Amino acid sequence: MEYFPFVVVAWILAVGLHGIVTSRDLIHTIICLVVVQSSTYVLLLGVGYVTGGVAPYFYDISARTKAVDPVVQALSLTDIVVEAAVTALLLSFAVQAHKRFGTLDPHKLVEFRG
Amino acid sequence: MPSLPVVLPLIAAAVLLAARPLARYRRVLDLVAAGTSAAVAVLLGILIFRTDHASTYWFAGFRPAHGIAVGIAFTVGPLNAGLACVGAILMTAAMVFSWRYFTGVGTYFHVLMLTFLAGLCGFCLTGDVFDLFVWFELMGVSAYALTAYRPEERGPIQGALNFAITNSVGAYLSLTGIALIYGRTGALNMAQIGAWVSRHPPSGLVVIAFVLVIAGLLVKSAIVPFHFWLADAHAVAPTPLCVLFSGVMVELGLYGIARMYWSVFGPGLGHRAAIGRVFLVLGVLTAVVGALYCFRERHVKRLLAFSTISHAGVFLAGFALLSPLGLAGAALYVAGHAFVKAALFLGAGIVLHRLRSVNETWLHGRGRKLPVTGALFTAAALGLADLPPFGTFLGKGWIDDAAGSPAVTIILLACTIVAAGSVLRVAGGVFYGLGDPPREDERMAAEANEETGETDSARQRTPLTMSVPLALLVAAGLATGIAAMVPRAGDALLSAAAQFQAQPQARPADVTVSSVVTGLVSAAGAVGVGLAGLYWRRIPVLRGRYEPGARGTGLADRFQSGVINDYITWVIAGLACLGGVLAAIIRLRGLAPGSRRPWHASDISCRRRSTTRRP
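Chains as they are written, first to last, in my numbering: chain A, -18 to 95; chain B, 2 to 616.
Isolated chain A (complex conformation):
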């Protein structure tokens, strides 16, 4: 069992969450959210990795050849699509936030509290 990829995942996740919590700029917050999500790509690919495995295209190789897990690659692709949609939407909110509040500091983007 190779633990290194999982340590990397935990590190990326922690760094991203730390970034969101301490952020003073909305763009920075959104990029940190992307970092959090990146940890899931590494995790998915790490989970499906097979030592010595080839890319899972069984077109010109025997179906018994050792290959990495194709399912996690499909999952990562889906994950990337989700990320693109969420990030684009959030960045457009950031543009609007700057127009309405005149700042991108999350501590000042407050209309309602309590």
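Bear in mind the hints are in silico, worked out from the structure with no lab data behind them. Hints are not guaranteed to be accurate.
Here are the simulated EDC-like pairs of lysine to aspartate or glutamate, each with C-alpha atoms no more than 16 Å apart in a straight line [what the hints assert, rightly or not]:
1. A:K89 / B:E154
2. A:K89 / A:E(-17)
3. A:K89 / B:D558
4. A:K89 / B:D437
5. A:K80 / A:D6
6. A:K80 / B:D567
7. A:K80 / A:E92
8. A:K80 / B:E154
For clarity, every value in this text was computed on a predicted model and none was experimentally measured.
Given chain A, work out where chain B should sit, using these hints.
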């Protein structure tokens, strides 16, 4: 057939988007969207009655071989089809309501609403953990965009940002859990993972995966301390959307937790009583916090949002009892609550449309010219207070029966009284002019008209497309309770709950005297709290210490700060606590001998699941 509730709205959305020139004919858009939602509701209604027990539908016929599922499945049972059906009914009501509601509306509103509906149905019906994440995000992205439907105002931007970031973090935590469990079991199908987990002793990894998976669902269902985003988002979203947010989206998160527990992790984790108690504590805490914030709020939509948080706690408590009766009670309570809460939001929408404000203080007595809306709003508020025969009273009664603990009953009763009492205070003050007239000041007048951009308010009377859905929703709330009182329907719901939990059905569902009495006490108490809130200056205990609508100071504002950084900190802290407690229960206490045996009797193995497929 089971795939149609997802496919139909997606096709309709694609057609509307492709036919952009049609956007000039607004009624075409409205008709297509409302018609599609109604069709989906009918389809799901048929599915509820066609499936007396869970049936599995494999997409493209990729059925599992030797217990290994490669294809993607929809598992349709009465409970999840029922929840999706409630969602589709609310969507239809919301689309009819918005017929004359918005000042200007483009294609995007309808397209996003239909995408939201597709995500909602997919989330309910899927039998695959990764798809659960995908539907969660599809629903989420449509909801984020719809929340910021009026980006020219400040409130919606704050709400949408906090909503989107908190829910996305939750979703990614869930995905991390899904990836971990896939790495361990090699399966994404819920039944297959469940079978694997129940055959192996619970390892640390399974516990971590469980906590991570439910983290995202706890955020969605606004359980303390993951709940902060909800009030920000619900207060500012367009009113037709609030109907769906409060009526089903929060409940979907809870459904996801129940599904993850019963179909995937529960059988293997063991320690049912202890895990149930953890959820019970979370539920009661949420109910209390929601009720207190609800009482001090003066912004009507935000007040309703806090009441939703309080009720989400009650639902979680019902589920946490881990018995078929508790789950059946929670399911009935969810349905009853969905209809009356949707009615309350539509009432608030009519007030906003006609009177151009949702500020309770400013509206005091100004709602007297809306007698029909006022009567329906009051009726729905009484339904929220568990007045028999609204569906809520019987659901609550079953939860109380299942809990069998006077302490839980009394705390949940008190929370309902305070939350529903606050809503009744709004009804009495706004529509009947009860209570002492508020002191008007400049700040209040400025706050009062902050939401006028949403709706066209030049009309002198309420359009029928607004009042009829409101009346029908109140009637649906009543009908849920009356239908569930029929012994056969009650038993069917109970056996559906037992089947969802793969447990034998223990006792019949009755309408007990105590549940009727509790419902009446609850309604009377709520009226009392409402009147106390209105006539607070005449009550010696409250005079001087209590100022309704006092904001900007105090401890409560520091928690609900509106700053996204704080919300994420709470998510991380809550996750750490929950994970620590569950890990301590499962790992340190060890496996109690025989604790897992009952599960094998009703083991949900993949092979058995695959043979239950129906054409």
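When you check the alpha-carbon spacing of K80 of chain A and E154 of chain B, does it fall within 16 Å? The given pair, whose Cα atoms are some 10 Å apart, holds under the 16 Å limit.
Please work out if K80 of chain A and D567 of chain B have their alpha carbons no farther apart than 16 Å. Cα-Cα ~23 Å, so violated.
Does E154 of chain B lie within 16 Å of K89 of chain A when you go C-alpha to C-alpha? 15 Å, holds
Between the alpha carbons of K80 of chain A and D6 of chain A, is the straight-line distance 16 Å or under? Status holds; Cα separation ~14 Å.
Does the alpha-carbon distance linking K89 of chain A and E(-17) of chain A stay inside the 16 Å limit? 45 Å, violated
Check whether the Cα positions of K89 of chain A and D437 of chain B lie no farther apart than 16 Å. 36 Å, violated
K80 of chain A and E92 of chain A: Cα distance at most 16 Å? 14 Å, holds
What's the verdict on K89 of chain A and D558 of chain B, does the C-alpha distance respect the 16 Å limit or exceed it? 15 Å, holds
Comparing the model with each earlier hint shows violations of hints 2, 4, 6; every other hint is respected.
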